[in-house]
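Protein chains: 2
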Amino acid sequence: MTLTTAEENYLKAIYHLSDGGTKSVSTNDVAAEMKTKPASVSDMLRKLGDKEVIEYRKYYGVNITEEGKKRALTTIRKHRLWEVFLVDKLQFAWDEVHEVAEELEHIQSPLLIQRLDSYLNFPKFDPHGDPIPDEYGDVRARPRLALNEMDIDQSGQIVAVKDSSAAFLKYLDKVGAYIGARIKILDKVEFDGSMEILVDQKKTLFMSKDVAANILAIQS
Amino acid sequence: MTLTTAEENYLKAIYHLSDGGTKSVSTNDVAAEMKTKPASVSDMLRKLGDKEVIEYRKYYGVNITEEGKKRALTTIRKHRLWEVFLVDKLQFAWDEVHEVAEELEHIQSPLLIQRLDSYLNFPKFDPHGDPIPDEYGDVRARPRLALNEMDIDQSGQIVAVKDSSAAFLKYLDKVGAYIGARIKILDKVEFDGSMEILVDQKKTLFMSKDVAANILAIQS
DNA sequence: AAATTAATTTAGATATAGCTAAAAATATAT
DNA sequence: ATATATTTTTAGCTATATCTAAATTAATTT
Ligand SMILES: [Mn+2]
Ligand SMILES: [Mn+2]
Ligand SMILES: [Mn+2]
Ligand SMILES: [Mn+2]
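One line per chain: the protein sequences are V and A, in this order.
Residue numbers 2 to 221, in this note's numbering, belong to the letters of the first sequence in order.
Residue numbers 2 to 221, in this note's numbering, belong to the letters of the second sequence in order.
Hint data in this document are derived by calculation from the structure and do not stem from the laboratory.
Even glycine gets a Cβ: it sits at the ideal position worked out from N, Cα and C.
Mixed in with the good hints, there may be bad ones.
[Said to hold, decoys possible] Straight line, CA to CA, 16 Å or less: simulated EDC-like cross-link-like pairs of lysine to aspartate or glutamate:
#1 A:LYS163 to A:GLU150
#2 V:LYS90 to A:ASP118
#3 A:LYS71 to A:GLU8
#4 A:LYS90 to V:ASP89
#5 A:LYS90 to V:ASP174
#6 V:LYS90 to A:GLU8
#7 V:LYS204 to V:ASP174
[Claimed, not checked] Stretch by stretch, here's where chain A covers chain V in the computed footprint (C-beta under 8 Å, at least three residues):
#8 48 to 60
#9 88 to 100
My request is simple: use the sequences and hints to build the entire structure.
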């Protein structure tokens with residue numbers, strides 16, 4: 002059973018919204034994520050249910066099936082491999098890749114993806130620090146926590162961003178935060194949750210709680 | 002005015018059938034090329050006419066406009082650049098690239114194509130010897146002639162194939178004919194037009210007129 | 001010139017993917 | 001328990017891209 006481009010996009014959204022298939026997802030949530038109307042989502046959920054990639058009970062939201070999870074992970078794998086290609090080989094900035102990858106992920110050719118993976122040297126993470134599922138859909142997820150969840154004096158390393166929007170990534174570029182940077186929490190303001198962070202043992206950075214919540218790190 | 006994927010594919014077909022816009026093209030010819038029905042073509046020609054990429058007079062076939070030519074050449078440029086990428090970087094065989102390129106050519110991102118071109122070192126020809134239009138749509142076409150048009154004792158170099166089907170390309174691989182090979186016509190059989198060709202000064206190759214007609218060379 | 005054949009278009013389907021407006025079901029508050 | 005609010009679905013419409021069958025136009029014979 003093949004999925005159309007629209008169906009693949011919906012399935013990927015459902016996979017993300019359900020936290021990898023662990024929660025059920027509402028029609029309205031899908032509509033918001035897909036920037037479309039609930040009425041259109043209802044139609045699509047019926048179709049995805051017929052194709053057995055989701056379990057759909059009218060009025061009670063959807064759960065992704067094992068088959069659906071596998072399909073979604075294939076699309077996510079393709080999306081992230083293309084992002085690596087664009088950044089590593091074509092010198093795209095990390096804030097320029099998402100939209101193009103959103104198209105490239107729908108190209109149908111298992112050989113292409115296998116060769117691309119090998120050409121890129123089997124990368125494990127995309128330019129935003131998100132893990133790339135292997136060809137069987139296995140994701141080796143690292144334990145990550147948002148900067149605003151870290152305590153004063155804790156050290157770590159930035160490994161990913163939660164928000165991949167161009168606006169956010171450009172802001173990170175500007176202030177000098179990047180994936181791989183070593184960080185230490187210097188201060189947390191009780192009042193508004195804003196933070197002071199030491200980057201690479203030399204640069205001090207002030208950020209709002211909102212920004213901190215979108216930067217993920219591993220502790221060391 | 003943006004074109005849909007289907008419209009881009011039709012326009013490319015019309016461009017090829019019209020020999021680069023020099024001849025008008027019939028509905029039936031387009032239907033055959035697109036492996037679809039004349040009725041579907043009539044519908045599409047009306048749409049392409051509305052978008053002014055072709056000039057459409059009912060019952061009298063179509064001519065591609067300047068704007069249409071420009072659009073078609075952009076799609077052809079993208080198709081051929083992707084073919085080079087697949088062969089040069091991902092080790093695809095020249096008979097494996099066409100279908101994937103047929104999808105990749107529709108990815109919308111001028112930056113992507115500009116970067117891809119540069120990454121591939123501004124190739125002038127695709128893996129089948131077809132010229133790659135530059136970003137302004139200019140094609141520097143070499144004078145080429147089919148092997149069956151060459152005379153005994155003439156020498157030259159294979160520069161392209163007319164037929165890019167996997168079946169034909171695999172056959173060429175098997176007999177050892179490839180783009181860049183130096184050739185000399187040893188014999189032509191009057192009766193059926195079949196030929197005897199010397200490849201790279203060492204290997205003798207027998208081929209039917211049909212095969213010879215699909216191999217293009219420059220004389221030397 | 002009329003008849004026949006070939007090419008092309010139109011009419012009326014189907015399938016996908018979206019929309020708005022109205023109806024229905026579920027959840028929440030009084 | 002009833003009323004109200006929220007969520008979700010259905011109905012009906014639009015647009016794209018295909019199809020088959022019927023109608024129309026153009027080209028070719030006789
Ligand atoms: Mn997508
Ligand atoms: Mn990413
Ligand atoms: Mn195509
Ligand atoms: Mn080619």
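Quick rundown of the hints versus the structure:
| no. | hint | in the structure |
| --- | --- | --- |
| 1 | A:LYS163 to A:GLU150 | holds, 14 Å |
| 2 | V:LYS90 to A:ASP118 | holds, 12 Å |
| 3 | A:LYS71 to A:GLU8 | holds, 14 Å |
| 4 | A:LYS90 to V:ASP89 | holds, 14 Å |
| 5 | A:LYS90 to V:ASP174 | violated, 30 Å |
| 6 | V:LYS90 to A:GLU8 | violated, 31 Å |
| 7 | V:LYS204 to V:ASP174 | holds, 14 Å |
| 8 | 48 to 60 | violated (count 0) |
| 9 | 88 to 100 | holds (count 6) |
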